[in-house]
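Engineer: Position 40 of the sequence shown, counting from 1, maps to 40 under full-length UniProt numbering, and the rest follow consecutively.
It should be emphasised that the hints constitute simulated quantities derived from the structure, not laboratory data.
Honestly, I wouldn't trust all of these hints.
Simulated crosslink set (SDA-like; lysine to any residue; CA at most 25 Å straight-line) [to be verified]:
hint, residue 1, residue 2
1, K31, N17
2, K31, G11
3, K9, K64
4, K48, T36
5, K8, K38
6, K16, V54
7, K30, P49
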Amino acid sequence: MLRYIMAKKPGENTGKNGGIYQEVGPRGGKKDNFATVKDNERLPPTTKPGHGWVLDKRTPDSKK
């Protein structure tokens, strides 16, 4: 079963979905590059133009 995943572009805001992001190629192939990004922060640059970021593991919201 194919699953369509929308990759975020470098510099795009994470919104409330902070966590561990994995770099993906232009056709969705996963790369060995990860980044931990907080809520409402911008995603870092990728290793090559045309690549993007997909959320691998979301950090839970605090109970405060």
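Engineer: Look at each hint and say if it fits the structure.
Structural biologist: How the hints compare with the structure:
1. Among the hinted pairs, K31 with N17 is consistent with the structure: their alpha-carbon atoms are about 20 Å apart, no more than 25 Å.
2. Our distance criterion of 25 Å between C-alpha atoms is met by K31 and G11, whose separation comes to about 18 Å.
3. Distance hint between K9 and K64 is unfulfilled; the C-alpha atoms sit about 31 Å from each other, more than 25 Å.
4. Among the hinted pairs, K48 with T36 is consistent with the structure: their alpha-carbon atoms are about 18 Å apart, no more than 25 Å.
5. Annotation: proposed proximity of K8 to K38 holds, straight-line Cα distance about 15 Å (limit 25 Å).
6. Between K16 and V54, the direct Cα distance comes to roughly 14 Å. Compliance with the 25 Å bound is thereby established for this hinted pair.
7. Taking the CA atoms of K30 and P49, the gap is near 15 Å; set against the 25 Å cutoff, the hint holds.
Hint compliance for this structure: hint 3 alone is broken.
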